[in-house]
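Line by line, the protein sequences give chains A and B. If you want our numbering, it's the 1-based position in the first sequence plus 51. If you want our numbering, it's the 1-based position in the second sequence plus 4.
You can trust all of the hints, since none of them are fake.
In the PhoX-like style, the derived pairs of lysine-lysine whose C-alpha atoms are separated by at most 25 Å in a straight line are: (1) B:LYS102 x A:LYS73; (2) A:LYS70 x A:LYS60; (3) A:LYS89 x B:LYS102; (4) A:LYS60 x A:LYS91; (5) B:LYS60 x B:LYS74; (6) B:LYS74 x B:LYS102; (7) B:LYS114 x A:LYS91; (8) A:LYS73 x A:LYS104; (9) A:LYS73 x A:LYS89; (10) A:LYS92 x B:LYS114; (11) A:LYS70 x A:LYS104; (12) A:LYS60 x A:LYS92; (13) A:LYS104 x B:LYS102; (14) A:LYS73 x A:LYS92; (15) A:LYS73 x A:LYS91; (16) A:LYS89 x A:LYS60; (17) A:LYS104 x A:LYS69; (18) A:LYS89 x A:LYS70; (19) A:LYS92 x B:LYS102; (20) B:LYS102 x A:LYS91; (21) B:LYS74 x B:LYS61; (22) B:LYS114 x B:LYS61; (23) B:LYS74 x A:LYS92; (24) A:LYS73 x A:LYS60.
Anything over 10 Å on all C-beta distances counts as not near chain A; from chain B, calculated: (25) GLN6; (26) PRO12; (27) LEU23; (28) SER30; (29) SER31; (30) GLY56; (31) GLY57; (32) ASP71; (33) ALA82; (34) PHE112.
Since the hints were made in silico from the structure, they are not lab data. We put the CB at the ideal spot given by N, CA and C, even for glycine.
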Amino acid sequence: DTEVTQTPKHLVMGMTNKKSLKCEQHMGHRAMYWYKQKAKKPPELMFVYSYEKLSINESVPSRFSPECPNSSLLNLHLHALQPEDSALYLCASSHEGRTALNIGYTFGSGTRLTVV
Amino acid sequence: TQLLEQSPQFLSIQEGENLTVYCNSSSVFSSLQWYRQEPGEGPVLLVTVVTGGEVKKLKRLTFQFGDARKDSSLHITAAQTGDTGLYLCAGPNTGGFKTIFGAGTRLFVKA
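Make a model of the complete structure from these sequences and hints.
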C-alpha cells in the first residue's frame, strides 16, 4: 500500500461547528504532516509528527488541534474556524530522519474545507 | 532564509511543444524534489535529485540538478494535455526538518 488516504474529500462547516479531518497511511512511515494550501499557492506546513509525537507546530492557531493516535493515523480537529480558514488541507507522510527530507513526501488527495 | 524561486509562474503551450521550467535559489540544497499537482488533488512526487550535475529521465520528463546544487530544471518533451498541472519544486531546509516549497509553475497544455 503506497497511499495516504484522507477523509472526508470535501467538508462544509459553520463557524460554531466541531469537525475532524482524518489521515491514514500503511507504508510504515514514522513522520506525518499537515499542510494547508490556499488557491494558487504552494502548501504551507502546519504540524509535523515524528514517532507519534508533535515535533513542529508552525504557530498554528489553537482552533486547529492535531492528534496522532498511532503510527498510521493522523487527525486534525477543527473548532470555531473562520471563513479565511477555507483551504485544501493536505496530509503527507515520509520516512523519519533528516535524510528522509531528501526522499520526499507521499501526499494524500486532501480535504477541501469550506467554512461558512 | 532559504527560498526557492520558480519560473515561469504560468505557461500555456500547444500539445507537442517542448518546455522547460526552472527552480532557483541562492542557497545550496542537499536535494530537490519535483512534484506535480492536479486541481483538487495532492502533489505527487515525480523525482528527487541529490547529486550536483545529476540528470534523471522519467519518460518525456528530464530533470537536472545544478552543479552547485542551487538550481534545478524540468524539461518536458512533446507535451501532452495530461501534463497540465502545477509543478512544484521543494527541498529540505538546512539544519531543520522542514521542506521548503517554491511557488510553483502552472502549466496548461492545449489540445
